[in-house]
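Take the given structure of chain A and dock chain B to it, following the hints.
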Amino acid sequence: MKKILLIAILSAGLLPMMAGEYANLTFTNTSGITTTLSAVNLSATVSGTSLVVTNDDGTVNFTLTELASMHFSKIDPETALENVLDGDQPVTLYTISGTEVGSFSNLVQAVQQVDKGSYVIVQSGKSQKLVVR
Amino acid sequence: MKRLAIVVCTLYSVLCTLSLSAQTLNIQVGNVTYRFPAAQTGEMPFEGGSTLTVMNKTFALSEISRMYVDESAVADSVVTVAYNGNAASVTVAGNIAQYLTIAQSGAHVSITQSSNTVDEITYILSGSSTNGGFYMAGSYKATIELNGLTLTNTSAIYSGSAIHIQNGKRIKVKVATGTTNTLVDAANGSQKGCLYIKGHAEFAQKGTLNITGRTKHGIKIGEYMTLKNATLNILSAVNDGINCSQYFLMESGTITINNVGDDGIQCDIDATATGQTTDHEGEDSGNAYILGGSITVTGAKKGIKCDGEVLVSDEATVITR
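Top line first, the protein sequences correspond to chains A and B. Heads up, the numbering used here is the position in the first sequence plus 8, with the first residue counted as 1. Heads up, the numbering used here is the position in the second sequence plus 57, with the first residue counted as 1.
So that you can see chain A by itself, here it is in the shape it has in the complex (with noise of 0.2 angstroms):
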């Protein structure tokens, strides 16, 4: 009986690990630059010559002629920074809805001047979502 309940309660802890697996939507243009969404409550029309995506970050907008395609991921956007963007370069800050923030020599430093709020980095051709808090 011990073991049945050791089983069923490391099985348990070991679900929230399993849960939302495909978390994120990823969005690449023909320039090979990248954009993960969080799928979370994300819907999407189309609008004229855009795509029109929304979910709890907010709207972004996407050029239909400029979509290359999209893929479901596991990255989170939260931690995908570290995997993904160099640290010690410069990046560029851009609104959710495109609006360029600024330009700045590394991350810490974007991190340090900009207000709370999900942002698009830009880096070297790459781009991931950021949330400052």
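Since the hints were derived computationally from the structure, they do not count as laboratory data. Be aware that one or more of the hints could be misleading.
[Unchecked claim] Far from chain B by the CB rule (all over 12 angstroms, computed), these chain A residues: (1) 66; (2) 97; (3) 109; (4) 112; (5) 114; (6) 122; (7) 123; (8) 139.
[Claimed, not checked] What follows is a set of in silico ranges between Cβ atoms, one per label pair, in the way DEER data are often shown: (9) 123(B) to 41(A): 21 to 27 angstroms; (10) 51(A) to 107(B): 18 to 24 angstroms; (11) 60(A) to 196(B): 38 to 44 angstroms; (12) 110(B) to 57(A): 17 to 23 angstroms; (13) 120(A) to 104(B): 38 to 44 angstroms; (14) 141(B) to 29(A): 31 to 37 angstroms; (15) 102(B) to 66(A): 21 to 27 angstroms; (16) 110(B) to 69(A): 20 to 26 angstroms; (17) 105(A) to 110(B): 23 to 29 angstroms; (18) 106(A) to 133(B): 36 to 42 angstroms; (19) 105(A) to 175(B): 42 to 48 angstroms; (20) 110(B) to 139(A): 28 to 34 angstroms; (21) 48(A) to 309(B): 45 to 51 angstroms; (22) 107(B) to 111(A): 33 to 39 angstroms.
Fair warning: this is a prediction, and the values are worked out from it, not measured in the lab. From the three backbone atoms N, C-alpha and C, an ideal C-beta is built for every residue, glycine too.
Okay, now just chain B, sitting in the frame of chain A:
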């Protein structure tokens, strides 16, 4: 300790069930929602700003009403059609989306399976419409599940039948247990039956199916027909209550036939008579095998009329009056 273990195990089971749900990409095109499990989608290419392809299904971006992600589960190889008045909502599992062409006019739904379909598709029909129909064409075996469907066809958009299956393969008709389903076809049409199946039909499960045939037969099956468990009520038909070819085989269930213009059940030889064959394989005997269940036919010219023989076992009941 035992109680604690039970509580933990129950909680674990619930959590396991919840964890089975995963991200699903839903693509709405009119009243049709294509549902793609995130784990199956892979790379989804856009082309020239005009199309999006997901799991080999290409969508014109201009026809997409909306895309959204939720955490509902998707059953592979399932199409659902839910009728509601003058409309019908259709969902399509992502793994079979590439094989299907869907057309709709109000609550009239037409689905065509491509010739390269490699999965058996289950169509689950439910809801109610007083002006609708279901038409499916294909060349791969399929399952039609009637899950509380009330459907009257008053205008022959794709067919005058309430359900028309233009597919010569094996069609399993599941009359879902515990449900009552009612079909009425269009009057003065050209259809052969209120429920028409071109191929061979296997009726199963313990639900009830009520049929009214306002043009010709109540049920018309192009090849053989088998019945197990289900209750079939032919409320009225212009010609036969049930008309099939090759052979008719009833293992169990109940058939009640009233108000028909010709015979209760008619079974013809389809092409070349074979006589009875082992396990009925390739059989074209025109025989009716009543192995179990009960048949009651009232007011028909002939209760059961066959090109072959009518064979009734001791376990079966056949009443003709």
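Quick rundown of the hints versus the structure:
1. 66: Answer for residue 66(A): holds, closest chain B Cβ roughly 16 angstroms.
2. 97: Holds: least Cβ distance 27 angstroms, greater than 12 angstroms.
3. 109: At roughly 27 angstroms from the nearest Cβ of chain B, residue 109(A) sits farther out than 12 angstroms, so the non-interface label holds.
4. 112: 31 angstroms, holds
5. 114: Non-interface label stands for residue 114(A): nearest chain B Cβ at 32 angstroms, farther than 12 angstroms.
6. 122: 28 angstroms, holds
7. 123: 28 angstroms, holds
8. 139: Given that every Cβ of chain B is farther than 12 angstroms from that of residue 139(A), nearest at about 19 angstroms, it holds.
9. 123(B) to 41(A): 21 to 27 angstroms: 25 angstroms, holds
10. 51(A) to 107(B): 18 to 24 angstroms: Hint holds: Cβ distance 21 angstroms, inside 18 to 24 angstroms.
11. 60(A) to 196(B): 38 to 44 angstroms: 41 angstroms, holds
12. 110(B) to 57(A): 17 to 23 angstroms: This hint holds: roughly 19 angstroms between Cβ atoms.
13. 120(A) to 104(B): 38 to 44 angstroms: Taking Cβ atoms as reference, residue 120(A) and residue 104(B) lie about 42 angstroms apart, which means the hint holds.
14. 141(B) to 29(A): 31 to 37 angstroms: The hinted range 31 to 37 angstroms holds for residue 141(B) and residue 29(A), with Cβ atoms some 34 angstroms apart.
15. 102(B) to 66(A): 21 to 27 angstroms: 25 angstroms, holds
16. 110(B) to 69(A): 20 to 26 angstroms: 22 angstroms, holds
17. 105(A) to 110(B): 23 to 29 angstroms: At 28 angstroms between Cβs, range holds.
18. 106(A) to 133(B): 36 to 42 angstroms: This hint holds: roughly 38 angstroms between Cβ atoms.
19. 105(A) to 175(B): 42 to 48 angstroms: 44 angstroms, holds
20. 110(B) to 139(A): 28 to 34 angstroms: 31 angstroms, holds
21. 48(A) to 309(B): 45 to 51 angstroms: 50 angstroms, holds
22. 107(B) to 111(A): 33 to 39 angstroms: Because 34 angstroms falls inside the window, the suggested range holds.
The structure fails none of the hints (numbered hints given earlier).
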